[in-house]
Amino acid sequence: MTKKLALLALLPLFIACKQPKKEYNADMLVKNATVYTVDSAFTTKEAFVVNGGKIVAVGKADSLEKIYLAREVVDAQGKAVYPGFIDAHTHFYRYGMSLNEVHLEGTKSWDEILDSVQTYAGRNADGWIIGRGWDQNDWQTKQFPDKAKLDSLYPMRPVILTRVDGHAAIANQAALNIAGVKPGQKIDGGTVETINNKLSGILVDNAVGLVTRKIPDPTDVQVQAALLDAQRNCFAVGLTTVDDCGLDYPMINVIADLQHKKALKMRMYVMLSDNEANINYLFKRGVYKTPGLNVRSFKVYADGALGSRGACLIHDYSDRKGWKGFLLSSQKHFEDVAQRIAAKGFQMCTHAIGDSANRTILKIYAGALKGKNDRRWRVEHAQVIAPEDFKYFGENNIVPSVQPTHATSDMGWAGERLGAGRLKGAYAYKQLLQQNGWLPLGTDFPVENINPIYTFYSATERKDLSGNPAKGFQKENALSRVEALRGMTIWAARSNFEETEKGSIEVGKYADFVILDNDIMKAKGADLPHVKVLKTYVNGEKVYEKK
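Position 197 (the sequence shown) corresponds to 197 in our numbering; numbering is contiguous.
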């Protein structure tokens, strides 16, 4: 009897050993979430499944759990989940390099800038002093500075400090000597400011390159560190894809190598700058496409910036009679480049700020595209548009690629540059949206802050971070929250020919997503700038978590 009882006791173990063992059939289940899929119907779900870096199912958790056994379960604890944010216009590499330079953003005077330079120089004893971020429009005296104090502080050490928009700079005499810049020197598409036959140190647009070309090239270690530093900060604000606007072709191999080594996980859409070496490279090689890197477009530069009065206007600046700005190259150059790019089937993306620059580029695009098409040629910024020129976008499916924080950064002085009439056609995002029914959004960082939540806030509220103006800046051109979210996800992906692989949480797409601590689709407008990223995922891998 005792022997029989012992056998009965062992029986459940034998049965258990014969039962089939459950096997994982998914890498991750995200549940207990408000999932903004940003699909065509803008549906919300509560869960989705990831396997092999892609989304394999979206729906209700209880239904998905009956089908999938995931190695990892992410409980979102009721938080909102969005597709990974895409910034359609950045200078990602340049931002990474700037992290080790003099930070001049938000400075309120020339004296404050000099203090920042001296602090930096005290910590960095050798080499060029390079800085970026000043804006004379934020100073009590809204005039360009001169180099006299820089010369006295650094008579032998070269210094160049670039304006926030990158379209103007001040250099000391040591830097100007290295570049061989002379008083009264002329340069197409730029200005070497000369006062009383003496250099002031101010360089505008193409003149900036006279000096920057003399700066020693960074080492391979510095280049790689810049990319990885930029990645770290961008993941922390929920960015999973960035468009880097204006690199040279040798950077392609650097980026591809870092991605192959799985060190650089940021997805990148790279525009090559408009020069013959880059054109020959891409024409010969063809589109360069991997899951993490897409190179198929050229960045062309029509004019400068409004803040430094380099933007090309149809009529005089309201605050500088007799001055309209200028194009950075001849109209023939833009026409030739457009025809060459069109013939080879690549994408053309042109920086255009002023209404004259926009008109010139829009007409050239129209001549090359010849009506409705799916070439997705972009006008970067599309900042000031004459009323009669909006139609070119819709008639030729030209994509306006805009940066909403430019509107709220510039609103304090843009009216002085343009006058009330022209201002109505500036930063007109709703009008631009109506042309094609979609438009990508970006930041233009490091010109603006890297945070895409600020993009969302500026686009929808049309206010600065202080909440001004109370009723919003030209609020008739605000975007809805749905439009803004689409602009920084699926529409940004579409501007890169990538809407079938990213930009929404749908089956078959990359598992790039972000979890926020507050729902930007429901939060009060005033609370939007304070929303933080809790977690960022790329390819189903957690690349950032808030500590």
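It is worth saying that the hints were derived from the structure and are not from the lab. Worth double-checking, as some hints may not be accurate.
[Claimed, not checked] Only pairs whose alpha carbons sit at most 20 Å apart, straight line, appear in this in silico SDA-like list of lysine to any residue:
id, residue 1, residue 2
1, K372, Q435
2, K524, A470
3, K108, D62
4, K54, P291
5, K265, I314
6, K430, K370
7, K522, N539
8, K261, L228
9, K45, T34
10, K79, D519
11, K546, L228
12, K289, A263
13, K321, F144
14, K524, G472
15, K370, G412
16, K524, D464
17, K214, V73
18, K142, G394
19, K542, W128
20, K261, L282
21, K430, E395
22, K149, E193
23, K532, N32
24, K471, L423
25, K324, E276
26, K324, P387
27, K424, G412
28, K321, I195
29, K535, Q185
30, K108, W128
31, K186, K324
32, K149, K186
33, K54, N397
34, K265, N280
35, K214, W128
36, K475, K532
37, K324, K289
In this text the structure is predicted, and so the values were computed from the model without any measurement.
How the hints compare with the structure:
Between the alpha carbons of K372 and Q435 the distance comes to roughly 12 Å, so the proposed pair stays at or under 20 Å and holds. Of the pairs offered as hints, the one joining K524 and A470 holds, with about 14 Å between alpha carbons and a cut-off of 20 Å not exceeded. Annotation: proposed proximity of K108 to D62 is violated, straight-line Cα distance about 56 Å (limit 20 Å). Proposed proximity of K54 and P291 is supported: the alpha carbons are some 12 Å apart, at most 20 Å.
With a C-alpha separation of about 44 Å, the suggested pairing of K265 with I314 is violated against the 20 Å cut-off. Distance restraint check for K430 and K370: the Cα-Cα separation of roughly 25 Å exceeds the 20 Å cut-off, and the hinted pair is therefore not satisfied. Our distance criterion of 20 Å between C-alpha atoms is broken by K522 and N539, whose separation comes to about 27 Å. Pair hint K261 plus L228 holds up; C-alpha atoms about 12 Å apart against a cutoff of 20 Å.
Taking the CA atoms of K45 and T34, the gap is about 6 Å. The hint holds against a cut of 20 Å. Of the supplied pair hints, the one linking K79 and D519 holds, its CA atoms being roughly 7 Å apart against a limit of 20 Å. Under the criterion of a C-alpha separation no larger than 20 Å, the hint pairing K546 with L228 is consistent with the structure, at around 18 Å. At roughly 18 Å between alpha-carbon atoms, K289 and A263 fall within 20 Å of each other, so this suggested pair holds.
As the CA atoms of K321 and F144 are separated by approximately 17 Å, the hinted pair is consistent with the 20 Å bound. Proposed proximity of K524 and G472 is supported: the alpha carbons are some 15 Å apart, at most 20 Å. Distance check on the hinted pair: K370 and G412 sit about 38 Å apart at the alpha-carbon level, beyond 20 Å; violated. As the CA atoms of K524 and D464 are separated by approximately 15 Å, the hinted pair is consistent with the 20 Å bound.
This hinted pair does not check out: K214 and V73 have alpha carbons roughly 53 Å apart, beyond 20 Å. For the hint linking K142 to G394, the alpha-carbon distance of about 38 Å lies beyond 20 Å, and the restraint is violated. This hinted pair does not check out: K542 and W128 have alpha carbons roughly 38 Å apart, beyond 20 Å. Simply put, K261 and L282 have alpha-carbon atoms about 24 Å apart, too far for the 20 Å limit, and the pair is violated.
A distance of roughly 17 Å separates the Cα atoms of K430 and E395; the hinted pair therefore holds under the 20 Å criterion. Straight-line distance between C-alpha atoms of K149 and E193 comes to about 17 Å, which keeps the hinted pair within the 20 Å bound. For the suggested pair K532 and N32, the alpha carbons sit about 19 Å apart, so the restraint of at most 20 Å is met. Restraint check for K471 and L423: the C-alpha separation of about 17 Å stays at or below 20 Å, so the hint holds.
For the proposed pair K324 and E276, the alpha carbon gap of about 29 Å is over 20 Å, so the pair is violated. Between K324 and P387, the direct Cα distance comes to roughly 18 Å. Compliance with the 20 Å bound is thereby established for this hinted pair. Distance check on the hinted pair: K424 and G412 sit about 14 Å apart at the alpha-carbon level, within 20 Å; holds. The hinted pair formed by K321 and I195 meets the criterion: a straight-line CA distance of about 18 Å does not exceed 20 Å.
Taken as a hint, the K535 and Q185 pair is broken in the structure, with Cα atoms around 52 Å apart against an allowance of 20 Å. At roughly 24 Å between alpha-carbon atoms, K108 and W128 are farther apart than 20 Å, so this suggested pair is violated. For a cut-off of 20 Å, the pair hint linking K186 to K324 stands: about 17 Å separates their Cα positions. Restraint check for K149 and K186: the C-alpha separation of about 25 Å exceeds 20 Å, so the hint is violated.
Of the pairs offered as hints, the one joining K54 and N397 is violated, with about 31 Å between alpha carbons and a cut-off of 20 Å exceeded. Distance restraint check for K265 and N280: the Cα-Cα separation of roughly 28 Å exceeds the 20 Å cut-off, and the hinted pair is therefore not satisfied. Under the criterion of a C-alpha separation no larger than 20 Å, the hint pairing K214 with W128 is consistent with the structure, at around 10 Å. Taking the CA atoms of K475 and K532, the gap is near 25 Å; set against the 20 Å cutoff, the hint is violated.
For the hint linking K324 to K289, the alpha-carbon distance of about 41 Å lies beyond 20 Å, and the restraint is violated.
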